[in-house]
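> Going line by line, the protein sequences match chains A and B.
The numbering of the first sequence is my numbering, which starts it at 1 and goes up by one.
The numbering of the second sequence is my numbering, which starts it at 1 and goes up by one.
Incorrect hints may appear among the rest.
Calculated lysine to any residue pairs in the SDA-like style (CA-CA distance at most 20 Å, straight line) [to be verified]:
| no. | chain 1 | residue 1 | chain 2 | residue 2 |
| --- | --- | --- | --- | --- |
| 1 | B | K72 | A | A27 |
| 2 | B | K72 | A | S63 |
| 3 | B | K72 | B | W83 |
| 4 | B | K116 | A | A27 |
| 5 | B | K116 | A | S63 |
| 6 | B | K72 | A | G31 |
| 7 | B | K116 | A | T67 |
Covered stretches of chain B, as calculated for chain A (at least 3 residues, CB under 8 Å) [what the hints assert, rightly or not]:
| no. | stretch |
| --- | --- |
| 8 | 39 to 52 |
| 9 | 108 to 118 |
Calculated from the model, a selection of chain B residues having no Cβ within reach of chain A, i.e. all distances over 12 Å [claimed, not checked]:
| no. | residue |
| --- | --- |
| 10 | D5 |
| 11 | A6 |
| 12 | G8 |
| 13 | H18 |
| 14 | E20 |
| 15 | C28 |
| 16 | K72 |
| 17 | A85 |
| 18 | Y92 |
| 19 | V99 |
| 20 | V103 |
| 21 | R104 |
Just so you know, the hints here were simulated from the structure itself, not pulled from any lab data.
Even glycine gets a Cβ: it sits at the ideal position worked out from N, Cα and C.
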Amino acid sequence: MTLARTFAVALAGVTGSVVEVEADLSAGLPGLYFTGLADTAVMESRDRIRAAAANSGAQWPSSRRVTVALLPADVRKTGSRFDLAVALAVLACAGEIPADPVAGAVWIAELGLDGRLRPVRGVLPAVLAARAAGVRRVVVAAGNGTEAALVSEIDVRVAEGLRDILDWLRGDGPPLTAAQRSGETVVPAGTCDLADVAGQAQAKRAVEIAAAGAHHLFLVGSPGAGKTMLAERLPGLLPPLDDAAALEVTAVHSVAGRLGERAALIQQAPLQAPHHTASVASLVGGGSGTARPGAISLAHHGILFLDEAPEFPGRALDALRQPLESGVVVLHRSGGAVSFPARFLLVLAANPCPCGASARECICPPQARRRYLHRLSGPLLDRVDLRVQVDPVPHAELFDDGRRESSAIVARRVAEARAAAAARWRDTPWRTNGSVPGALLRSAPWALPRRALDPAERFLQRGQISARGLDRVLRLAWTVADLSGHEIPDEGDVAEALYFRTGAGERWAA
Amino acid sequence: MRVKDAVGRFGEELAVRHLEAQGMSIVCRNWRCSSGEIDVVARDGGALVFVEVKTRSTVLFGDPAEAVSPAKASRLRTLALRWLAAHPDGHYPSLRFDVVAVVRTGPSGPTVRHLKGAF
Numbered sequence: 001m002t003l004a005r006t007f008a009v010a011l012a013g014v015t016g017s018v019v020e021v022e023a024d025l026s027a028g029l030p031g032l033y034f035t036g037l038a039d040t041a042v043m044e045s046r047d048r049i050r051a052a053a054a055n056s057g058a059q060w061p062s063s064r065r066v067t068v069a070l071l072p073a074d075v076r077k078t079g080s081r082f083d084l085a086v087a088l089a090v091l092a093c094a095g096e097i098p099a100d101p102v103a104g105a106v107w108i109a110e111l112g113l114d115g116r117l118r119p120v121r122g123v124l125p126a127v128l129a130a131r132a133a134g135v136r137r138v139v140v141a142a143g144n145g146t147e148a149a150l151v152s153e154i155d156v157r158v159a160e161g162l163r164d165i166l167d168w169l170r171g172d173g174p175p176l177t178a179a180q181r182s183g184e185t186v187v188p189a190g191t192c193d194l195a196d197v198a199g200q201a202q203a204k205r206a207v208e209i210a211a212a213g214a215h216h217l218f219l220v221g222s223p224g225a226g227k228t229m230l231a232e233r234l235p236g237l238l239p240p241l242d243d244a245a246a247l248e249v250t251a252v253h254s255v256a257g258r259l260g261e262r263a264a265l266i267q268q269a270p271l272q273a274p275h276h277t278a279s280v281a282s283l284v285g286g287g288s289g290t291a292r293p294g295a296i297s298l299a300h301h302g303i304l305f306l307d308e309a310p311e312f313p314g315r316a317l318d319a320l321r322q323p324l325e326s327g328v329v330v331l332h333r334s335g336g337a338v339s340f341p342a343r344f345l346l347v348l349a350a351n352p353c354p355c356g357a358s359a360r361e362c363i364c365p366p367q368a369r370r371r372y373l374h375r376l377s378g379p380l381l382d383r384v385d386l387r388v389q390v391d392p393v394p395h396a397e398l399f400d401d402g403r404r405e406s407s408a409i410v411a412r413r414v415a416e417a418r419a420a421a422a423a424r425w426r427d428t429p430w431r432t433n434g435s436v437p438g439a440l441l442r443s444a445p446w447a448l449p450r451r452a453l454d455p456a457e458r459f460l461q462r463g464q465i466s467a468r469g470l471d472r473v474l475r476l477a478w479t480v481a482d483l484s485g486h487e488i489p490d491e492g493d494v495a496e497a498l499y500f501r502t503g504a505g506e507r508w509a510a
Numbered sequence: 001m002r003v004k005d006a007v008g009r010f011g012e013e014l015a016v017r018h019l020e021a022q023g024m025s026i027v028c029r030n031w032r033c034s035s036g037e038i039d040v041v042a043r044d045g046g047a048l049v050f051v052e053v054k055t056r057s058t059v060l061f062g063d064p065a066e067a068v069s070p071a072k073a074s075r076l077r078t079l080a081l082r083w084l085a086a087h088p089d090g091h092y093p094s095l096r097f098d099v100v101a102v103v104r105t106g107p108s109g110p111t112v113r114h115l116k117g118a119f
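With the sequences and hints as input, model every part of the structure.
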């Protein structure tokens, strides 16, 4: 046998593609030669896999010229994830191990010099890609076992070392063990509960509406008023992720290398709260070579919380605009474009002025305050439906009897409202009120009766909202109606929507 | 150093015997100039062959021929040109570079592997 083949998976973003690994022995100066757009990490595997094979009791064909082809040859291969597949292809073509079982599986692991199988990033999307390609068996490092086992309907095996695999292939050892799912099912959300927040009835209501309709939210208020507390409790109000969404989210976190050894499916909406010194690349994704997902992709199906939003660089904030619109972020590299999902609920928080003092102590001139909030660009704020003023809590409310609504109760209302919205929009591509375009809301059969629109009409006449602002109000009104169980929004629902659209100060009365 | 040199001498001796057994005639051995040394120059029919001999005691640290890196190959090409310049009288229709890999302690005595036209 001078030719052997097996399979591995290449990753671009969160999309995997099955790669055929061929090895051929020929005459010529001995050595291992790669073809097929392999990057430095793949090339370096030359030295790793040789040592790994020697230390696992296998005879490396060191007197022959070995050519390894990674096919299709025009797909870029990066990282150490090909080590195991390359090693097995070479050993199979050298006649060290039978070729058929080697060709019958996908192998994803990095090899240590001692022959140990080491975990790699992005195993979940890789196994998903293998299953989609009709592969029946995947072998991964033991450290990736729980993550790979999240994919059903495919035979996932784990091994500690190359020696285990060689023994099994030669029929000298026990079969590899099947990967087991982690016992821990849900990553705990933490212990924050909405009941911890004293007072702030308005802001709590806004958070509830944001959760119910997936409306982006802007909290303005002096320091210590509870903006961060409110935002941190938002994930607990969102319904648990369904299976498809949970897989998507877990795949992104896998590619980012954030799952760890005891990986479980992420079933709760994630919260990402990058610091305001975050670079554009860390926010939207990037990095040299293969792009890695940024905070907005890690917040996919969850919350992206930007505290002190005006302190973020303008470029970083404006980079959010396109993903806010499309739900994906496309990163262009010389090697091709990579896209990551990024459908997140944006929560911005800001002090009303740069000094950060409370409203009573602040002596900043009005211009300074205006300039500060003007750092948030119009097009960005335009995508934010809910604007709320978060005022410091009065003493009386701070020391109330502590009987406040818990997250569980609010989450139930949110779930019902979301179900109502999903049922209403079932014939459209949208599922939440926050994503429905305004034109649809103004057309039959969704246009509201004149009477319900009365309050909005008055605002329009006085020039306090624009036509575009009206679309936002309509969206909010539908969510308010869903929360109160109304079939269609009535006058009161529209009035509440208007309040939250125009609520946080005169600057946004547009 | 002495052990290493002795191994090399031993390997070259085996290599030359092997080349002669293949019907090649040795033109010169261990030709030196300021850029280095050519182990063996031989004739194989009409072709002039520059031979690099690599000897190892065991294969534990890899095959001897693996030690012929691209840098070494290009140095040998330069050396070949220097040799030809020093011997302007000959006429050689073709040139070839061979590597002979000698392992001193194989499973059944020393082994000699001849890579013709290695680079």
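> Work down the list of hints and note, for each, if the structure agrees.
For each hint, the structure was consulted:
1. For the hint linking K72 (chain B) to A27 (chain A), the alpha-carbon distance of about 19 Å falls within 20 Å, and the restraint holds.
2. A hinted pair counts as satisfied when its Cα atoms are at most 20 Å apart, and K72 (chain B) with S63 (chain A) qualifies at roughly 18 Å.
3. For the given pair, K72 (chain B) sits about 16 Å from W83 (chain B) by alpha-carbon distance, which is consistent with the 20 Å threshold.
4. A threshold of 20 Å between alpha carbons decides the hint, and for K116 (chain B) with A27 (chain A) the separation of about 9 Å falls inside it, so the pair holds.
5. A hinted pair counts as satisfied when its Cα atoms are at most 20 Å apart, and K116 (chain B) with S63 (chain A) qualifies at roughly 14 Å.
6. This hinted pair checks out: K72 (chain B) and G31 (chain A) have alpha carbons roughly 14 Å apart, not beyond 20 Å.
7. Distance restraint check for K116 (chain B) and T67 (chain A): the Cα-Cα separation of roughly 19 Å lies within the 20 Å cut-off, and the hinted pair is therefore satisfied.
8. Requiring three or more residues with a Cβ within less than 8 Å of a Cβ of chain A, the coverage given for the stretch 39 to 52 of chain B is violated, as only 0 such residues are present.
9. Only when three residues or more bring their CB closer than 8 Å to a CB of chain A does the claim for the stretch 108 to 118 of chain B stand; here the count is 3, and the claim holds.
10. The beta carbon of D5 (chain B) is kept farther than 12 Å from every beta carbon of chain A, the shortest such distance being approximately 24 Å.
11. Under the 12 Å C-beta cut-off, the non-interface status given to A6 (chain B) relative to chain A holds; the minimum distance is some 23 Å.
12. Listed as a non-interface residue, G8 (chain B) keeps its Cβ farther than 12 Å from every Cβ of chain A; the least gap is roughly 19 Å.
13. Every C-beta of chain A lies more than 12 Å from that of H18 (chain B), the closest at about 16 Å, which supports listing it as non-interface.
14. For E20 (chain B), the requirement that its beta carbon stay farther than 12 Å from each beta carbon of chain A is met, with the minimum near 22 Å.
15. For C28 (chain B), the shortest C-beta to C-beta distance to chain A comes to about 24 Å, beyond the 12 Å cut-off, and the non-interface label holds.
16. Annotated as non-interface, K72 (chain B) brings its C-beta within 12 Å of a C-beta of chain A; the closest such distance is 10 Å.
17. The non-interface label for A85 (chain B) is consistent with chain A: the shortest C-beta to C-beta separation is roughly 26 Å, beyond 12 Å.
18. Listed as outside the interface, Y92 (chain B) is consistent with that label: its C-beta sits roughly 23 Å from the nearest C-beta of chain A, beyond the 12 Å cut-off.
19. With a least beta-carbon separation of about 7 Å from chain A, V99 (chain B) fails to lie farther than 12 Å from that chain, contradicting its non-interface assignment.
20. Distance to chain A contradicts V103 (chain B) as a non-interface residue, since its nearest Cβ pair spans about 9 Å, not more than 12 Å.
21. No Cβ of chain A approaches the Cβ of R104 (chain B) within 12 Å, the least distance being about 15 Å, so the stated non-interface status holds.
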